[in-house]
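Protein chains: 2
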Amino acid sequence: MGALQIYEEIKGQILRGVFETAGQLPSSRALAHELGVSRTTVTAAYEQLLAEGFIEVHQGARPRVAHSVVSEARHKSASKRSVRTRLSAYGEHVRTIPPWSDNEPGKLVVDFRHGDLASSDFPIMLWKRLMNRTLEQRPERLSYDDPRGSRRLRMALQGYLWRARTIRCDVDQIIIVNGSQQGLDLCARLLLDATDKFVIENPCYAMARQIFSGTGASPVSVPVDDAGLNTDLLAEVDARLAYVTPSHQFPLGGVMPISRRHQLLQWAKRRNAHVIEDDYDSEYRYDINPVAPLHGLEDSDNVIYLGTISKTLSPTLRIGYLVVPPGLQDVFATAKELADRHSPVAEQEALAALIESGAYESHVRRVRRFNHERRQTLLNALRHRFGDKIEIEGADAGLHMVVWFKNLPLSLEPALLESARRERVGVHSISRLYDPALPGGRPDQVGLVMGYSALDLRWIERGTHLLADAVKRVRIDAAVKTRQPKQR
Amino acid sequence: MGALQIYEEIKGQILRGVFETAGQLPSSRALAHELGVSRTTVTAAYEQLLAEGFIEVHQGARPRVAHSVVSEARHKSASKRSVRTRLSAYGEHVRTIPPWSDNEPGKLVVDFRHGDLASSDFPIMLWKRLMNRTLEQRPERLSYDDPRGSRRLRMALQGYLWRARTIRCDVDQIIIVNGSQQGLDLCARLLLDATDKFVIENPCYAMARQIFSGTGASPVSVPVDDAGLNTDLLAEVDARLAYVTPSHQFPLGGVMPISRRHQLLQWAKRRNAHVIEDDYDSEYRYDINPVAPLHGLEDSDNVIYLGTISKTLSPTLRIGYLVVPPGLQDVFATAKELADRHSPVAEQEALAALIESGAYESHVRRVRRFNHERRQTLLNALRHRFGDKIEIEGADAGLHMVVWFKNLPLSLEPALLESARRERVGVHSISRLYDPALPGGRPDQVGLVMGYSALDLRWIERGTHLLADAVKRVRIDAAVKTRQPKQR
Numbered sequence: 075m076g077a078l079q080i081y082e083e084i085k086g087q088i089l090r091g092v093f094e095t096a097g098q099l100p101s102s103r104a105l106a107h108e109l110g111v112s113r114t115t116v117t118a119a120y121e122q123l124l125a126e127g128f129i130e131v132h133q134g135a136r137p138r139v140a141h142s143v144v145s146e147a148r149h150k151s152a153s154k155r156s157v158r159t160r161l162s163a164y165g166e167h168v169r170t171i172p173p174w175s176d177n178e179p180g181k182l183v184v185d186f187r188h189g190d191l192a193s194s195d196f197p198i199m200l201w202k203r204l205m206n207r208t209l210e211q212r213p214e215r216l217s218y219d220d221p222r223g224s225r226r227l228r229m230a231l232q233g234y235l236w237r238a239r240t241i242r243c244d245v246d247q248i249i250i251v252n253g254s255q256q257g258l259d260l261c262a263r264l265l266l267d268a269t270d271k272f273v274i275e276n277p278c279y280a281m282a283r284q285i286f287s288g289t290g291a292s293p294v295s296v297p298v299d300d301a302g303l304n305t306d307l308l309a310e311v312d313a314r315l316a317y318v319t320p321s322h323q324f325p326l327g328g329v330m331p332i333s334r335r336h337q338l339l340q341w342a343k344r345r346n347a348h349v350i351e352d353d354y355d356s357e358y359r360y361d362i363n364p365v366a367p368l369h370g371l372e373d374s375d376n377v378i379y380l381g382t383i384s385k386t387l388s389p390t391l392r393i394g395y396l397v398v399p400p401g402l403q404d405v406f407a408t409a410k411e412l413a414d415r416h417s418p419v420a421e422q423e424a425l426a427a428l429i430e431s432g433a434y435e436s437h438v439r440r441v442r443r444f445n446h447e448r449r450q451t452l453l454n455a456l457r458h459r460f461g462d463k464i465e466i467e468g469a470d471a472g473l474h475m476v477v478w479f480k481n482l483p484l485s486l487e488p489a490l491l492e493s494a495r496r497e498r499v500g501v502h503s504i505s506r507l508y509d510p511a512l513p514g515g516r517p518d519q520v521g522l523v524m525g526y527s528a529l530d531l532r533w534i535e536r537g538t539h540l541l542a543d544a545v546k547r548v549r550i551d552a553a554v555k556t557r558q559p560k561q562r
Numbered sequence: 075m076g077a078l079q080i081y082e083e084i085k086g087q088i089l090r091g092v093f094e095t096a097g098q099l100p101s102s103r104a105l106a107h108e109l110g111v112s113r114t115t116v117t118a119a120y121e122q123l124l125a126e127g128f129i130e131v132h133q134g135a136r137p138r139v140a141h142s143v144v145s146e147a148r149h150k151s152a153s154k155r156s157v158r159t160r161l162s163a164y165g166e167h168v169r170t171i172p173p174w175s176d177n178e179p180g181k182l183v184v185d186f187r188h189g190d191l192a193s194s195d196f197p198i199m200l201w202k203r204l205m206n207r208t209l210e211q212r213p214e215r216l217s218y219d220d221p222r223g224s225r226r227l228r229m230a231l232q233g234y235l236w237r238a239r240t241i242r243c244d245v246d247q248i249i250i251v252n253g254s255q256q257g258l259d260l261c262a263r264l265l266l267d268a269t270d271k272f273v274i275e276n277p278c279y280a281m282a283r284q285i286f287s288g289t290g291a292s293p294v295s296v297p298v299d300d301a302g303l304n305t306d307l308l309a310e311v312d313a314r315l316a317y318v319t320p321s322h323q324f325p326l327g328g329v330m331p332i333s334r335r336h337q338l339l340q341w342a343k344r345r346n347a348h349v350i351e352d353d354y355d356s357e358y359r360y361d362i363n364p365v366a367p368l369h370g371l372e373d374s375d376n377v378i379y380l381g382t383i384s385k386t387l388s389p390t391l392r393i394g395y396l397v398v399p400p401g402l403q404d405v406f407a408t409a410k411e412l413a414d415r416h417s418p419v420a421e422q423e424a425l426a427a428l429i430e431s432g433a434y435e436s437h438v439r440r441v442r443r444f445n446h447e448r449r450q451t452l453l454n455a456l457r458h459r460f461g462d463k464i465e466i467e468g469a470d471a472g473l474h475m476v477v478w479f480k481n482l483p484l485s486l487e488p489a490l491l492e493s494a495r496r497e498r499v500g501v502h503s504i505s506r507l508y509d510p511a512l513p514g515g516r517p518d519q520v521g522l523v524m525g526y527s528a529l530d531l532r533w534i535e536r537g538t539h540l541l542a543d544a545v546k547r548v549r550i551d552a553a554v555k556t557r558q559p560k561q562r
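The listed protein sequences correspond, in order, to chains A and B. Heads up, the first sequence is in our numbering, so the first residue is 75 and it goes up one at a time. Heads up, the second sequence is in our numbering, so the first residue is 75 and it goes up one at a time.
One should not assume that every hint holds.
Note: identical chains are not told apart, hence a pair may lie in one copy or across any two.
20 Å max Cα-Cα, derived EDC-like pairs, lysine to aspartate or glutamate [stated by the list, open to error]:
no.	residue 1	residue 2
1	K181	E214
2	K343	E310
3	K202	E430
Hints listed in this document are in silico derivations from the structure and should not be mistaken for laboratory results.
The following block holds chain A by itself, in its conformation from the complex (with noise of 0.2 Å):
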């Protein structure tokens, strides 16, 4: 029997109050000699009850239970009321939103979820190589790291942006951050205010709106179409940020022409707002060039950009990067410090080793091409399997397109999801990324999301098959519904 037992043991004892009208312990001898333990054995443990303060002992008496934990024994209240626990506003909006589930693993066949990368792209024996050599250089001792960031990473990056997004910054106007997500949510909390308004694109990336709307400030929805936001309804709205994808809208995949970039940055340049510019996978261009990003025209200094390598290399790295202009720099800095001091370090440096050999540009070449292969697979086997029954929008870019479908009213989505989880294909709805306040803002078809950034080819076309049984089922039992109130 060690000391710890020991120690367990008359612990347990004092908490359940065997020792409660006395309070006395056996002296460390009688102990000792009745467990047949050495007394220093015993007296490790006592030492233990000592400092924790179970026990109190008084030069030359026997240890006793302290004071104060017998009378808090004592007026133990038996009462084991069950209050819902109180939250913070924050907290309320985040209890309202549904928990992460994991979308059934290993149910699906093929699961057409967009942002998700086929591991068998990641340059498995590159990034082993140069998280080793990471390791191997070690600091002379292991501390906080600028909250901004890995330097040697800001500064690959600024050659990275110059190069592939014309963009001009500063390093220090370089914050590294946990993926895009942490960026929107330094944005959302240093610039909104539960009073505030924000502009957001309709339909959006979900869980930017969830965060600006955690704030507590509210959401202006405005319209997209084809050269994405509809800045024309911008004039007279007063709010402090407009969270955009320029570059490639999601999910409908417009460009937002030069016209409309001029709009927006006169419009927040006026309000003295902020523009979010979320620039998530613009590597991803099939047609033209990446279009430019706000962040280098002309009045652009209230521009903030948003970069990721989570559609590059891999979601699971969790890294990604604000552009912010020069009057920000400070505070973010101090608000990432306050987040979580800075992101972990290995990976910035193995990234930053990664861009400056030039690997990583020539990584997003070949992965572009990979995603160009399987986007064409899945084009072809749309139209191979539903023919002119759907519409294809914005396929031009990124890693997923919008697909139509023209005879199902949105009233059958929940069949058809219903009826695709039957036939193991994951397929998602582009109605849950509208606004839900505005229902008259969504079109009254079943839309789909479909990514393919993480299916071979092969899976692609069988994916799109059971895709087709299921809608062609939903079709016969919507037919069947239809007839049957007739009949009776």
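Use these hints to put chain B onto chain A, whose structure you have.
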């Protein structure tokens, strides 16, 4: 001349208003001829300009500058107001915090900064092996993970917490966060509104006070003695949460006895408040066993436990964990998802493997021995250099101690820090850890928080020597100054 150059050139001309009157561009054939390039090259450039909305193309006609661009250019306002950026209330709070600085790297010979670790203590070979193994086990697809973190790591932690800290919890009560700081941030956001109060130790971990204050809530700073937070003073306090370090008060080092623990938990129950138990360095006790956490006690339903590997492995990995009450596990998971989706995956898996194999716990024992030796060296060096002119507090545990200079009044603190800097030894005053709003609450002598876990024994001795020189100079200067006025 490639398509990109042509595109850039024409875009520049459009933006400078070169085409303003007519708005017509040369035909692709004419331009190709003029530039001596293929027509395909010019067409590619024009397609890009078209996609971005700079130009319009009408069947059969020459391309022209888009109408909107022309009118936009005319209206371009010349006024460049320099408006101070409006931030949220949180943003204004963040703006008051001094920006991060690296403590003059390279300029110091020895730095006693608390929180740093020696990189020679890090199990680099083992970690590299585990990271490589993790990277090789590639999943089928790379997708967003459970916001609570890797299930494997949470299972490993569940066992570890039971073995090392007698904490029994469900795997889903554990939320992996980016170091303790993110854990504190999530607690602050979910539990505090601007109208609330929170209890905090005085002195305390400064970043905790900052993050809780960031919500707009008001701190109730409760004095700390050698038994931690003085819970007698809580009775009348109506706060939403209390932040405590009961196993090892930061920075003073007291262990909270069981009576105060009960008092704290009873208070929390009565007020329906939460207790955040920051168990940041309980692995390091040199006298007794690690003290059992609040979390294991009866009536600890309101306790949120916070652990980290920043003091055992490395602060650069950014891994910590919360153990939250079952009623809060969903809301914490969603809050983590909104904050940054989840923590990076590879390191979590490597840490899980480290814990499963038992190597984590033997690593902890190993570095505990190293730090015990460092601590003893620092104690001896301090005694040797300063004798009874100092008082040492909180040296029984953790990775730092507090050294009070009995003959140095607080007014000499700036002089001491300056003098130390001149000796190139980094020392860090305790006064900044006291609530600045309660100047009466802090002792009126100079106190330093001296961390030793990043230093080898030789440097500990050298640093103490340099510090002694710095103190000596301050004493002499002070004595000279005291005498001078009399001579005048």
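Hints versus structure:
1. Proximity of K181 to E214 under the C-alpha cut-off of 20 Å is restricted to the inter-copy arrangement: shortest distance 14 Å between copies versus 49 Å within a copy.
2. Taking the shortest alpha-carbon separations for K343 and E310, only the intra-copy value of 14 Å comes in at or below 20 Å, while the best inter-copy value is 50 Å.
3. Taking CA atoms no more than 20 Å apart as the test, K202 paired with E430 passes inside one copy only; the shortest distance there is 16 Å, against 23 Å between copies.
Hint compliance for this structure: no hint is broken.
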